[in-house]
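Residue numbers (UniProt numbering), protein chains in the order written: chain A, 1 to 307; chain B, 1 to 578.
Quick caveat, the hints were computed from the structure, so don't treat them as lab data.
One or more of the hints may lead you astray.
Said to hold, decoys possible - Part of the chain A face toward chain B, derived, beta carbon under 10 Å:
1) Arg23
2) Leu50
3) Pro52
4) Glu123
5) Asp139
6) Thr195
Unchecked claim - In silico EDC-like links for lysine to aspartate or glutamate, alpha-carbon gap of 16 Å or less:
7) B:Lys355 with A:Glu51
8) B:Lys355 with A:Glu78
9) B:Lys530 with A:Glu125
10) B:Lys75 with A:Asp136
11) B:Lys530 with A:Asp149
Claimed, not checked - Residues from chain B that keep clear of chain A, each with C-beta distances beyond 12 Å, as calculated:
12) Glu134
13) Ala156
14) Leu199
15) Gly426
16) Arg517
As the structure is a computational prediction, the values presented were derived from the model and not from experiment.
We put the CB at the ideal spot given by N, CA and C, even for glycine.
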Amino acid sequence: MTIVGLGLPRRLVEFTVDGEAVRVPEGSTILDACAAAGKDIPTLCFGDTLEPANACRVCMVEVEGSRTLVPSCSRKAEPGMVVRTETDRTRLSRKVVLELLGSATDLSTTPDVAGWMAECGAEPERFGPPAPASDDRDDRRPGEHEIPDGLTAATVRQPVKVDNELYVRDYGKCIQCYKCVDACGEQWQNTFAITMAGRGFDARISTEFANPLPDSACVYCGNCVEVCPTGALSFKREHDKREAGTWDESRQTATTTICTFCGVGCSLTLHVQDNEIVKVTSPHESSVTHGNLCIKGRFGWQHVQNR
Amino acid sequence: MDLRFLNAEPTDAERHAVDALGAGSRDQLLPALHAVNDRVGWISQGALNHICRRLNVPPAEAYGVASFYALFSLKERPPRVVHVCTDLACRVNGAEAVTEAFDAAGIGWHRSPCLGVCERAPAALAFEAGDPAEGRLLAPATPSEITREPSTWEEAPVSVPQQGGPGLRLLRRVGVVEPESLDAYRAAGGYAALRNALLLGPAGVIREVTDSGLMGRGGAAFPTGRKWDAAARQPERTRYLVCNADESEPGTFKDRVLIEGDPFALVEAMTIAAFAIGAQKGYVYLRGEYPRALKTLRNAIDVARERGFLGENIMGRQGFSFDIEIRRGAGAYICGEETAIFNSIEGYRGEPRSKPPFPVEKGLFGKPTVVNNVETLVNIPLILTEGCEAYRRIGTERSTGPKLFCLSGNVRRPGVYEVPFGTTLGELLELAGGVPEGRELRAVLLGGAAGGFVRPDETTLPLTMEDARAAGATLGSGVVLALDDQADLGGFLVRIAAFFRDESCGQCVPCRIGTVRQEEALHRIVGGRKLGTGGDDLALLREVGQVMRDSSICGLGQTAWNAIESAIDRLGALEERS
């Protein structure tokens, strides 16, 4: 049985989205309202278990009376608000934002993004061929950069960070949505092993002084991997299988069960390929875990396979 | 919090520098990073770790904060660091010759965004770590002088071209009245306004300020009285006043001149503002590149406190307590954004917050906060001594009061000028002596890098908020940067684009990546290069610019395309090359 917290009764807020009247409980965001009305607004930095980070700007909508577009993921619905999700401005914004991301970042493992890009006609390659990977991103100083010639498009391509046996950081795929930082920090784990460091285009997720993870405060709960929307963070097993070309989601099953390590009763979802556990996640809607686990639940399953 | 710290110890010097600050919490992070950087010139793992232990801050987060600011180094470096301004005004006044001279002399230097001394361009600023640390400015920096020891660099006393002239209000004491002396300030009319304010009461002060029509001078032109009133109406009793002195818009130096030349006026103005809105504590967020303004203001605050003009029961008014703390920025233009400034003071990365909620509801430390620019505040004593009626008669009906403009670039007498709103651009350029002999005016950058260009045939434009808006321009922070027919406009635009790329905080995609693509496209256009795709780079710039304007979180990204767009549309720049 799932116990749902009902909270205090909330007043309804009435406003219009694309000409249709909608009513949502007070405190709902425009995105909530759109979802309830069956409108599909793409999001990247929005996390269902996290506070909105407002960073990716993919979910922008037009609100009458507002000089700029507004992020639907975080703007609360107000009575009488007039919202439009499909206008020339929102379409241009979505297209260019996706193009900018695609031109700087490897989005090959980001779910859904290819479809959105095709839909809005995004052409990241119009900014020029991607600049090659660089290995100095952790050392870049704020407020200065190498003068470009414009013939290639700067990217965040860089070598993959493999410094432990549990998970891998491929920041060439990172869109800097802050989800991993928030999950590691005060929103869930309170470990504070990682942060946004640097500034501007050279901003990056980092430990202190970019020290390797084993020297950092990381406790390997893997909650950062759980919330990563792009595959920049992935389990080592998944990373190795992808490298070897043997990762195949079509051959995987997902089974949700209860973790046996302690009495908390966390929900685990075991992803199994070829009769082998290849990754462990946790359902975000679980009232026990909200998608979070500890190192044992997340990574302590090898013994199952010792036959 | 049960935090995990590093296995690294500070040196004695690092430890002493941090410990001298006393006990503290997260909001002491920026001062602590400054303390170490000032003492040894850079921040080591041991020093950062010590700061984190004392303030109970996770090391990763402290690293994230330290690596946000250009004036800090997280790698070992020599105690002396020279910053050479290669920004807009210095660029057109020979900054390249200065950097070449440094290179020829084998002296290491950093390329710096605008150092805010455009009236004496080109400028170089040397920081020397030690106990105490020193910051010295050389302006104008000549290739022959820069190779001298920075300890022998001597800064000219603060001055304005109209010094001591009739009719000055905001600048009347600058260069005339001793900036270190409270007695001299009082003899020149100081603290009469606070006395009047105490008689009027908080609501009366807000009414006067509202009726004066004063609008913010930092660039956004929001009515000051309305802002104060909104904060004063909040049920929450803990309120803050923040003076935004993070003047970093290229071509802007008026706030520095005000602080260096008339610091007590700012202290008095802040005290009046605090009285009106019911704030017990005020911060001056002063940009880190202003060592002399720091010294002058620190002295003014200390003296005012000693003499009962700050602290408890100010001017004998029972129950009216207010004090001011200076926060030094550390090289980040974005921290002048009104919500980024809160994060910076609180010890977080200077990333703007999402609005709403607005600062008057939830600002610094989550409390109602008024953020006012230095020049805005310095208008307050005028309103309270002259009365709002008299104040309203200055300027035009909708843009009231005197206004400071920062004249720089190719003009004969650069400097801060005070004129009533409504003075035309041409009259202002005339005051500054116009372009040098034998040259022709090519364009004026009005309002700063986030502003826009106007043509020589538009100099009849009356400088008011409404006329500027109607003309599709902005007065911004009061920048009037003249370019003559010999100026390299393409290079100038590329520099503006580089500035926004460097100063973007990186939080949102349109600004973080858009400013990079804008700079790249400009380099192609100015350099006459084409991509293999053969795409139209002007069209590309327009699309990226539009999306930066529409979808960036804050004013930086929203305005990063303004000047370049106006150069294309108003000056017809770039077209002949593409």
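Proposed interface contact between Leu50 of chain A and chain B, which counts if any beta carbon pair is under 10 Å: At about 14 Å, which exceeds the 10 Å cut-off, the nearest Cβ of chain B leaves the hint on Leu50 of chain A violated.
Closest C-beta approach of Arg23 of chain A to chain B relative to 10 Å, hint status: Where the cut-off is 10 Å and the nearest Cβ of chain B is about 21 Å from Arg23 of chain A, the hint is violated.
According to the definition I'm using, a residue is off the interface if its beta carbon is farther than 12 Å from all beta carbons of the partner; does Arg517 of chain B meet that for chain A? violated, 5 Å
Distance restraint between Lys75 of chain B and Asp136 of chain A, which requires alpha-carbon spacing of 16 Å or less: holds, 13 Å
Say whether it holds or is violated: Gly426 of chain B keeps its Cβ farther than 12 Å from all Cβ of chain A. Correct as stated: the minimum Cβ-Cβ distance to chain A is 31 Å, above 12 Å.
Does the interface hint hold: is Glu123 of chain A within less than 10 Å of chain B, judged Cβ to Cβ? At 9 Å from the nearest chain B Cβ, Glu123 of chain A passes the 10 Å test, so the hint holds.
Double-check Thr195 of chain A for me: the hint is only fine if its C-beta lies closer than 10 Å to a C-beta in chain B. Cβ of Thr195 of chain A sits 3 Å from chain B, so the hint holds.
At 12 Å, judged by beta carbons, does Glu134 of chain B keep clear of chain A as stated? Glu134 of chain B is indeed farther than 12 Å from all Cβ atoms of chain A, at 21 Å.
Would the stated hint for Pro52 of chain A survive a check requiring a Cβ distance to chain B of less than 10 Å? At about 8 Å, which falls below the 10 Å cut-off, the nearest Cβ of chain B leaves the hint on Pro52 of chain A intact, so it holds.
Between the alpha carbons of Lys355 of chain B and Glu78 of chain A, is the straight-line distance 16 Å or under? holds, 14 Å
Is the nearest CB of chain A more than 12 Å from the CB of Ala156 of chain B? For Ala156 of chain B, whose nearest Cβ neighbour in chain A is about 27 Å away, the distance exceeds 12 Å, so it holds.
Hey, Lys355 of chain B versus Glu51 of chain A, does the alpha-carbon distance stay inside 16 Å? holds, 15 Å
Of the numbered hints given earlier, the model fails hints 1, 2 and 16; all others are met.
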